[in-house]
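The opening residue of the sequence shown carries number 586 in this note's numbering; numbering runs sequentially from there.
Be aware that one or more of the hints could be misleading.
What the hints assert, rightly or not - Here are the computed lysine-lysine pairs in the PhoX-like style, where the Cα-Cα straight-line distance is at most 25 Å:
no.	residue 1	residue 2
1	Lys685	Lys603
2	Lys665	Lys685
3	Lys604	Lys685
4	Lys649	Lys685
5	Lys665	Lys653
What the hints assert, rightly or not - Pairwise CB distance ranges, derived in the manner of DEER restraints:
no.	residue 1	residue 2	range
6	Gln643	Lys685	26 to 32 Å
7	Glu608	Lys649	21 to 27 Å
8	Asn650	Arg671	18 to 24 Å
9	Phe669	Ile621	26 to 32 Å
10	Tyr607	Lys685	25 to 31 Å
11	Leu668	Lys603	20 to 26 Å
12	Ala672	Asn651	31 to 37 Å
13	Asp628	Arg596	18 to 24 Å
14	Glu617	Ile683	20 to 26 Å
15	Pro686	Pro637	17 to 23 Å
No lab work stands behind these hints, which were simulated from the structure alone.
From the three backbone atoms N, C-alpha and C, an ideal C-beta is built for every residue, glycine too.
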Amino acid sequence: MIIDDSNTIRRTAEALLKKAGYEVHTATDGFEAMSIIADTEPDIVFVDIMMPRLDGYQTCQLIKNNRKFKDTPVVMLSSKDGLFDRARGRIAGSEEHINKP
């Protein structure tokens, strides 16, 4: 699952993952994502940190606080590479942090 408010990032990541043989679901924000996650039960979630309405940290916390999805790996995507951002992601429950180009 790819959660990002950037259409370019969503489509690029989706194309790359589909080309590698993965089934991919996308969402533009955390609220939309929670509904899709409940329906599709993804194996991994990539979530942008900076999004309107529900940011990536909040989305990650919602996923991790759900008993059904608490073990689903969450990878934070960000154009920021600060120590604070990485630490905040870990506190929210993410397994990894990847920098976007």
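Going through the hints against the structure:
1. Lys685 with Lys603: Answer holds: Lys685 to Lys603 is near 19 Å, not above 25 Å.
2. Lys665 with Lys685: Distance of about 8 Å is within 25 Å: holds.
3. Lys604 with Lys685: holds (19 Å)
4. Lys649 with Lys685: holds (23 Å)
5. Lys665 with Lys653: violated (30 Å)
6. Gln643 with Lys685: 26 to 32 Å: violated (19 Å)
7. Glu608 with Lys649: 21 to 27 Å: holds (22 Å)
8. Asn650 with Arg671: 18 to 24 Å: Since Asn650 and Arg671 have Cβ atoms about 20 Å apart, the given range 18 to 24 Å holds.
9. Phe669 with Ile621: 26 to 32 Å: With Cβ atoms ~29 Å apart, the hint holds.
10. Tyr607 with Lys685: 25 to 31 Å: violated (19 Å)
11. Leu668 with Lys603: 20 to 26 Å: Roughly 34 Å apart at Cβ, these two residues miss the hinted range, so it is violated.
12. Ala672 with Asn651: 31 to 37 Å: For Ala672 and Asn651 the Cβ distance comes to about 23 Å; the hint is violated.
13. Asp628 with Arg596: 18 to 24 Å: holds (20 Å)
14. Glu617 with Ile683: 20 to 26 Å: Holds, at about 21 Å.
15. Pro686 with Pro637: 17 to 23 Å: holds (21 Å)
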